[in-house]
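Chains as they are written, first to last, in this note's numbering: chain A, 390 to 525; chain B, 829 to 1012.
I should point out that these hints are in silico values taken from the structure, not numbers from a laboratory.
In silico EDC-like links for lysine to aspartate or glutamate, alpha-carbon gap of 16 Å or less:
#1 B:Lys1005 - A:Asp391
#2 B:Lys863 - A:Asp404
#3 B:Lys863 - B:Glu877
#4 B:Lys889 - A:Glu420
#5 B:Lys1005 - A:Asp394
#6 B:Lys863 - A:Glu408
#7 B:Lys994 - A:Asp394
#8 B:Lys889 - B:Asp917
Given the structure is predicted, the values throughout are model-derived calculations rather than measurements.
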Amino acid sequence: MDALDRELAHALAVDPSPEFVARVRARVANEPAPSSWRMPRLLMAAGAVAVVIVAVAVVGPRPQEPVAVHAVRPAVSAAPIIEAVPPPRPVRRRRVRRSPAPIQLVSIADMPTAPIGAVAPAMTFDDVVTMTGVHP
Amino acid sequence: MHELADRLAAGAIVVGSVDRALEQEFEARLLESSKLAFRVAYSVVRNREDAEDVAQEAFAKAYRSFHQLRDRQRFRAWLVRMTWRLAIDRLRSDRRREARELAQVNTFSEVSAEQTVEGQRRSVELWRAIDALPEKLRIVTVLASIEGHDLTEVAALLRLPVGTVKSRLFLARRRLKEQLQWMR
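Chain B with its partners taken away, still in its complex shape (with noise of 0.2 Å):
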């Protein structure tokens, strides 16, 4: 009878330790890609604060999925594609756009407090011409100018052949430089 409970305990053991191990590699994916996850997110609705709302409502659902994302290749292809979908979703519900589209402005005021008017005016620009682009352009465009991400990691991210990113890649490329009157 001892040594059934002595089982049972180191099984508890165990249990407790694969949980922890869990938590841990979750904290590591946490560490690695939170900035990711909040570019991912301020490339659509372009504010700190709703960037950072966006990308933690992320992780808590990649939280509790995360017996299926352990992975870490999976797990930022993952959180990518939720970080976007949950950007685009409070984009669309957001009913006072104007006025967030207005505090980007003073946003990328502050932020490029520094830069010349021009270098404003080019900002605004690059953002107007990046949301006209189509949402697979965009996403190709958003990751492939994020964290040095080559091709490869890209095609990763979006579970694409790596042609297709390159395709889509220069096709949005094309078109910006298209609408960018500064880049001709």
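For reference, chain A alone in the conformation it holds in the complex (with noise of 0.2 Å):
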């Protein structure tokens, strides 16, 4: 150490009061907490109950699914049969195709006929349309 370091040293050798880390604990204690020390504690509490949730979703108890019970039919129908207890189907919602106009439909028994030995008198296309309802 040279006579230039010696003065550096003795130059800067300055201590500060002693009251001086006291003032800094009372500025400190005075500051408002530090948002990003808030943040992790939000991220935590948050993180907890969001663990709770899912653990209980995991864990927790199931709504009972119906158990499809088949009976097996025996080759001779002296036993009582029980029926087959299909699992309820999720209902769905299925798109209704609309028809221009209801389809209706006319037996044969009901259809006029003839006498024997008549002469069938002529029918046009209207009046298979009128009798049977149906447009092509």
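Using the hints, put the two standalone chains together into the complex.
Structure representation (structure tokens):
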């Protein structure tokens, strides 16, 4: 250490007052809680709640699904037959297609017939449409 | 339900203990670095009260960002840079700089009451020579003269390569010796 080093060290060998640290403590105590110290706290609390919710969802009691009982029909129907109970199917909304007009079915028996030997009147296309209600 | 409450309570205890641990760490950093911050500030503002104010402000800022500065070396490096910057800002913004410099001379007179007049003159000359250094050279000189920091420690505090610190210190010492007549 030469003379310059000694002079420099001497010039900077100045200590703060004894109350300095206490004043810093007081200043820091008056500081608002650092936001980033609060954030982990909030995150930890949120995380804990999330873990509890997930644990309850995974481990907790599940709603029991109805078990389908499939009975074996015996060869001889002496024993009472237990009907198979199919599991309830989820209700699905089906798309309903609307036809332009309802189709009326007419049985052949209801169709007008001509008496035997009579000359059958000539039926036009419109007659068929009127009779069957089917519009091609 | 009781189990959940117990777990949440345990979590609160953990959070509380984390806060206490952080507070304890900050207290440890404050105790070990208070002189460093004060001396860095003093090397710039050259007044005890101002230096304490600046160092106090630096610690308050460090407290706000302490979660990022828990590592000891990072904390000291950050503290040095922040204190230096705050001190420079304070010096520049102070319109009563001349009055402070006058007080500085009086402080030297008080501190070196037992010294000779020659010693006082040397101190004033030394500070003038330090003030005349470029900022890069000045902070290296100051840190190397505080608490016996070696080149590696100064490099860590300034986050510079050791070679850079060495060359800057060499330049600073050469300029100081050129300016200080009694060093020749």
